[in-house]
Amino acid sequence: MTELDFMTSPQSGELGRFLQQMLLIRYFEQQVEERYRDAEIPGFVHVAIGQEAVAVGACAALAPGDVITSTHRSHAHTLAKGTPARAVMAELYGKVEGCSRGRGGSMHLYDVERGNLGSSAVVGGALGIATGAALAFSLRSEPRVALAFFGDGATASGLFHESMNLAQLWRLPVVFLCENNRWAESTPLAQHSPIADLTQRAQAFGMTALEVDGQDVEAVYRATAEALAHARSAAGPVFVLAETYRLAPHNVGDQQEYRDKEEYELTRSTQDPIAKLRERLALSDERFAELEREAEAAVADAVEFARHGTDPDPQTLLEDVYA
Amino acid sequence: MTELDFMTSPQSGELGRFLQQMLLIRYFEQQVEERYRDAEIPGFVHVAIGQEAVAVGACAALAPGDVITSTHRSHAHTLAKGTPARAVMAELYGKVEGCSRGRGGSMHLYDVERGNLGSSAVVGGALGIATGAALAFSLRSEPRVALAFFGDGATASGLFHESMNLAQLWRLPVVFLCENNRWAESTPLAQHSPIADLTQRAQAFGMTALEVDGQDVEAVYRATAEALAHARSAAGPVFVLAETYRLAPHNVGDQQEYRDKEEYELTRSTQDPIAKLRERLALSDERFAELEREAEAAVADAVEFARHGTDPDPQTLLEDVYA
Amino acid sequence: MPETKTRFSYREAVRDAMSQAMRRDPDVFVMGQDIAEHGGSQKVTLGMLEEFGPDRVRNAPISEMALTGAGIGAAMLGMRPIVEIMYEDFLTLAMEQLVNHAAKERYMSGGQLKVPLTVRTQGGAGWSSAAQHGQQTEGWFVGVPGLKVVYPSTPRDARGLLWSSIYDDNCVVFFEHVQLYNQREELPEELEPIPLGKARIARAGEDVTVVATGPLVPEALAAAEQAEQDGISVEVVDPRTLQPLDEEAILESVRKTSRCVVAHEAVRRMGFGAEVAALVQEKAFDWLDAPVERVGACFSPLPFAPSLERACIPRREQVYAAIKRTVGSE
Amino acid sequence: MPETKTRFSYREAVRDAMSQAMRRDPDVFVMGQDIAEHGGSQKVTLGMLEEFGPDRVRNAPISEMALTGAGIGAAMLGMRPIVEIMYEDFLTLAMEQLVNHAAKERYMSGGQLKVPLTVRTQGGAGWSSAAQHGQQTEGWFVGVPGLKVVYPSTPRDARGLLWSSIYDDNCVVFFEHVQLYNQREELPEELEPIPLGKARIARAGEDVTVVATGPLVPEALAAAEQAEQDGISVEVVDPRTLQPLDEEAILESVRKTSRCVVAHEAVRRMGFGAEVAALVQEKAFDWLDAPVERVGACFSPLPFAPSLERACIPRREQVYAAIKRTVGSE
Ligand SMILES: Cc1ncc(C[n+]2csc(CCOP(=O)(O)OP(=O)(O)O)c2C)c(N)n1
Ligand SMILES: Cc1ncc(C[n+]2csc(CCOP(=O)(O)OP(=O)(O)O)c2C)c(N)n1
Ligand SMILES: [Mg+2]
Ligand SMILES: [Mg+2]
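Protein chains in written order, with the working numbering: chain A, 1 to 323; chain B, 1001 to 1323; chain C, 2001 to 2330; chain D, 3001 to 3330.
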């Protein structure tokens, strides 16, 4: 790995933009919780509160043409990759205006034009797909990279292992970005992994691994940029381990009976990536409140947009089953 | 790991017995090749020529009550675990007298009474089963161990990874014994694994790993005994990497167009585990010839037995589909 | 002395069968994702951790393949494991272990082995769970020799059949439906085992037989009520066990009614209903006055939007319409 | 000017379709275990490494899941990958990727994506390959909306349909049968694409329709010859594509003959024949003079012993017997 050069550091204005995006995601997710509890949003939803810095930092480092795959916890990735809040919210409402035309829902957000190949609600399910996208780049000699988001829980799945092996064996331009929030639904890391340091997973394949503080958006940006540069230079895939925190229940409705209340409250008050960035930027209260209002307004607008969206016509039920 | 004590070293007479078993396997496999070419044996068969020391050394270290699972290359394991040559050969001939009553064939040898839980013809397919047998031992607090044989090729499979993770997480008494013959059918190790040292696979789970010269039956015995003791003491599973050589084609009929002829001949002449043990024991030519004749006779007897076996009655076709 | 009865939900009935078996028998244990403190994604195992401890109510990593394999291995050693697969959509991950091992170990070993493993799973549509959390997959397993397949539609059947599945010496894939968990029924405290392979006549009738499974059983009963208003007498047969299938119960009913509708939530094409229709026309051809009608989901992945999902999955209206068509024809 | 014709084996026909597509189109490539120097376990890709190099004829580790996933990902980026799964028994390992992803990505994305992936596989019985190397699994995929399923029985169909599969914008699971690889047929050098979803009338007849797939097509033709001696005229319909199914071709034939037998090597229960039987009685009820008979393997894992395997899998005798029964009845 080469030292980080100027190009891979965020510009001064960038951090402000990161904050805006993280606030947008935070307000978006909070609204999702409420709209879900009010039964406006059907199905079931997983919010990414606490993990905003990973999504924003990682997506900011991507070049045009790079692609991502996402997970059941997909709103943050999708917003960070540039899909308008309106389209994401409309999708959660099951509307034609949604980013998957109402066919996908919360766990299946797509925006192929913007390089979002979609989210798998099967844990680990998209890791082969990301590897395959990278294979296409490699075969076509395109300087593009595929980045797969996934959680610590996914590292127990066979497909994770097979994909890591394949990617390293074929030196494919893929970045495996593990968001280690130390929970797989109700299962703490120690109950699904015999090792505490998940970068050891990468050693099984001789893959380059990076560890990063997932609550520090700049660090995530830098680490991802480094990983992307490595992958893009045909030096092979990189495993990036972002240590992060799930500052919300697994899904809306989860009572977290399995989680220590005090630990949870303490984590929420000490590990908020937005609070950390705010401090770092030394923003005035007014400026921060202004940013909050902006985010809130954008989300309110998205909710209104979604509410007024169009329910898919049952006549179109069989559209797009086949190309 | 504790130092090896006297108990885990083979007694002097043992090595002689190992040689007898290895010779039996060798002659057995050579007969299988011939009988297959003469179309006496149906289906398709994989012989373990070159890997006799792994099967014999490992099985000798097992205690009564321990169990094994095996692979498509299962004759050696089954013979080493004590199933009479007659029953194995009869199975290859598809006879009722076979160790699977003619239902299984070469790739599905079973002898449950002797602790052989059977072989999976799906590469890696039995690794979860061995883990589950160990789970039963653990839940019942029985001092028994499950040992799973598998090849280097299987380490690319998702189930391998999931099983290793589960076994280490739950500290199950299972020994994962990888026979690294550096080939998965026609695919050399470097074309299926990005790492040359497969013990790294175990690091991904924090699992204890041992490496052993698979052509040295005593070393295999010692390493397996050590691994079994570790597992039996509830200290968790062990990954044993036995470096070995496939001194035959992948299956009978394989032309090995992918394999360097010279390398192959050189390996055959330098890596024969039987030649090594013979040298080690400093046997006279007469004594060795006598042992050869014994093995040959036992195999000839097994072939005769199999030839005169009973074809399963089609009326019994639906027996044992269900218990 | 009147026996004590309690209202059991389908969820509680499933839990009760497991708990009673586990109290009686140290060889029974359960493993799956989030089944411990959390009580499982559908709360079926809630409270079992407290009673049986973490060894026997085993929280597991996201490793459906290895978990199923471990279930097979433990079963081969004589235990009676229950593996919970959180959604039946994830049975796809366990398919190799179920099809190539659980189903075949006994046969391949010439009868040396038994695999008394129960794989419990749940799923189903009707709540916008979308394409990867709501499809019905039972049909795949019905065609795999060596496996048994159970799909109860009532609390009583769930409890009695799960018990029998646990004590069956073969691998049983046991399907629960998310929309049935809150169905309630009075049941005696004492568990009544229900043998595998016996259908239940959920409603007697004369004019048409509806063979229904899972959530389509209550839907078919509702459709039958409605048809009764039109003077049509509907018999509803719930096979409960799809393999081995109680062919005789189905055929006997059809020989009486001469008409048959088969209804399930799975996609119509290649669904279990195809087997029933094929069977009925094969074995009761001369009795049939109308073609066997199949009611099932449309041929698409499950859509998320409620407006689409409603249009895709069959409920009482579709069963009713099929009854009318079948009775109306010639 | 007469066109040049060459004798192609089924194996060569499959190879030719891949090679012609790869010559024409850099987006086509193939990956699978042992397909490079070794030419694949059935030698289908023999020589392709030399022509196309190791990047496009990719030898792969034993990772069926990731390989299928990688095929899906590359296809989503617009390539047209061919993944070879060595035995269809191992499709069980790829099931999750095929069912939850390949089949659904387009739908779930509201039409944004295409998955032009071809998964080639082979298998089948008749050579004592035993329970894990010979079962027929095509039925599972026929019921999965979003997937296409192709199963050719002749060199011409294999070549023309594989070409169309490669160029189809959906995921196609393409079944080859080990017993057909050495079948030979004269074919023009020029590849003739055969559209997916079109059945082939393999033999015209008047008295009974046999719908047969894979190796049961030549077996059905042989049975038809034999039946002709008895004065029975048999029409043999080979659907070739099982999904989308050419229902009209089957129904048209049955409306002519009034009798139908469906024959495949897969287990009868829940086999593709169940769907055909259900369909035919649904849509041609008034034409049928006899129940649709199903010919398929017995309900057991594939036994190893030749004496048992012969008794388990259907061949011409079973088709002939079914023809006779069907024609004999009423
Ligand atoms: C294969 C599979 N098994 C189980 C589930 C149910 N499930 C959904 S999310 C989840 C936990 C995932 O944990 P992790 O990968 O760490 O992601 P996180 O939820 O922490 O973001 C589980 C078990 C699933 N979706 N897919
Ligand atoms: C899941 C699966 N994929 C492919 C095969 C075909 N196959 C049989 S043996 C083999 C190679 C196995 O290599 P290894 O595990 O190293 O065992 P070895 O043959 O060297 O003993 C392959 C690819 C299979 N049996 N199972
Ligand atoms: Mg997590
Ligand atoms: Mg090997």
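The hints are simulated quantities; they were obtained by calculation from the structure and are not laboratory data. Model, not experiment: these values are computed from the prediction. One thing to keep in mind: the hints can contain errors.
Think about it this way: if two alpha-carbon atoms lie no more than 25 Å apart in a straight line, the pair counts; the simulated SDA-like pairs of lysine to any residue are [to be verified]:
#: 1; chain 1: C; residue 1: K2114; chain 2: B; residue 2: N1251
#: 2; chain 1: D; residue 1: K3043; chain 2: B; residue 2: P1042
#: 3; chain 1: C; residue 1: K2043; chain 2: A; residue 2: L318
#: 4; chain 1: D; residue 1: K3283; chain 2: C; residue 2: F2299
#: 5; chain 1: C; residue 1: K2043; chain 2: A; residue 2: Y258
#: 6; chain 1: C; residue 1: K2043; chain 2: A; residue 2: Q255
#: 7; chain 1: B; residue 1: K1261; chain 2: D; residue 2: S3009
#: 8; chain 1: C; residue 1: K2005; chain 2: C; residue 2: D2016
#: 9; chain 1: D; residue 1: K3198; chain 2: D; residue 2: D3230
#: 10; chain 1: D; residue 1: K3043; chain 2: B; residue 2: V1112
#: 11; chain 1: D; residue 1: K3114; chain 2: D; residue 2: K3043
#: 12; chain 1: C; residue 1: K2005; chain 2: C; residue 2: E2247
#: 13; chain 1: D; residue 1: K3114; chain 2: A; residue 2: Q255
#: 14; chain 1: C; residue 1: K2043; chain 2: A; residue 2: R182
#: 15; chain 1: D; residue 1: K3198; chain 2: D; residue 2: A3249
#: 16; chain 1: D; residue 1: K3256; chain 2: B; residue 2: D1038
#: 17; chain 1: C; residue 1: K2114; chain 2: B; residue 2: P1314
#: 18; chain 1: C; residue 1: K2043; chain 2: C; residue 2: T2006
#: 19; chain 1: D; residue 1: K3005; chain 2: D; residue 2: D3027
#: 20; chain 1: D; residue 1: K3043; chain 2: B; residue 2: E1319
#: 21; chain 1: C; residue 1: K2043; chain 2: C; residue 2: P2218
#: 22; chain 1: C; residue 1: K2114; chain 2: B; residue 2: V1252
#: 23; chain 1: D; residue 1: K3198; chain 2: A; residue 2: L318
#: 24; chain 1: D; residue 1: K3043; chain 2: B; residue 2: P1249
#: 25; chain 1: D; residue 1: K3043; chain 2: B; residue 2: Q1191
#: 26; chain 1: D; residue 1: K3283; chain 2: C; residue 2: A2202
#: 27; chain 1: C; residue 1: K2005; chain 2: C; residue 2: M2048
#: 28; chain 1: C; residue 1: K2198; chain 2: B; residue 2: E1319
#: 29; chain 1: D; residue 1: K3283; chain 2: C; residue 2: E2247
#: 30; chain 1: D; residue 1: K3043; chain 2: B; residue 2: P1314
#: 31; chain 1: C; residue 1: K2043; chain 2: C; residue 2: E2192
#: 32; chain 1: D; residue 1: K3114; chain 2: D; residue 2: G3126
#: 33; chain 1: D; residue 1: K3043; chain 2: B; residue 2: V1252
#: 34; chain 1: C; residue 1: K2005; chain 2: C; residue 2: Q2318
#: 35; chain 1: C; residue 1: K2043; chain 2: A; residue 2: P143
#: 36; chain 1: A; residue 1: K261; chain 2: A; residue 2: T208
Verification of the hints:
no., hint, result
1, K2114(C) <-> N1251(B), "violated, 30 Å"
2, K3043(D) <-> P1042(B), "holds, 20 Å"
3, K2043(C) <-> L318(A), "violated, 34 Å"
4, K3283(D) <-> F2299(C), "holds, 18 Å"
5, K2043(C) <-> Y258(A), "holds, 13 Å"
6, K2043(C) <-> Q255(A), "holds, 12 Å"
7, K1261(B) <-> S3009(D), "violated, 30 Å"
8, K2005(C) <-> D2016(C), "holds, 14 Å"
9, K3198(D) <-> D3230(D), "violated, 31 Å"
10, K3043(D) <-> V1112(B), "violated, 37 Å"
11, K3114(D) <-> K3043(D), "violated, 30 Å"
12, K2005(C) <-> E2247(C), "violated, 32 Å"
13, K3114(D) <-> Q255(A), "violated, 39 Å"
14, K2043(C) <-> R182(A), "holds, 22 Å"
15, K3198(D) <-> A3249(D), "holds, 8 Å"
16, K3256(D) <-> D1038(B), "violated, 50 Å"
17, K2114(C) <-> P1314(B), "holds, 22 Å"
18, K2043(C) <-> T2006(C), "holds, 19 Å"
19, K3005(D) <-> D3027(D), "violated, 28 Å"
20, K3043(D) <-> E1319(B), "violated, 36 Å"
21, K2043(C) <-> P2218(C), "holds, 22 Å"
22, K2114(C) <-> V1252(B), "violated, 32 Å"
23, K3198(D) <-> L318(A), "holds, 21 Å"
24, K3043(D) <-> P1249(B), "holds, 16 Å"
25, K3043(D) <-> Q1191(B), "holds, 19 Å"
26, K3283(D) <-> A2202(C), "violated, 29 Å"
27, K2005(C) <-> M2048(C), "holds, 22 Å"
28, K2198(C) <-> E1319(B), "holds, 21 Å"
29, K3283(D) <-> E2247(C), "holds, 23 Å"
30, K3043(D) <-> P1314(B), "violated, 33 Å"
31, K2043(C) <-> E2192(C), "holds, 23 Å"
32, K3114(D) <-> G3126(D), "violated, 37 Å"
33, K3043(D) <-> V1252(B), "holds, 15 Å"
34, K2005(C) <-> Q2318(C), "violated, 35 Å"
35, K2043(C) <-> P143(A), "violated, 48 Å"
36, K261(A) <-> T208(A), "violated, 37 Å"
Checked against the numbered hints above, the structure breaks hints 1, 3, 7, 9, 10, 11, 12, 13, 16, 19, 20, 22, 26, 30, 32, 34, 35 and 36 and satisfies the rest.
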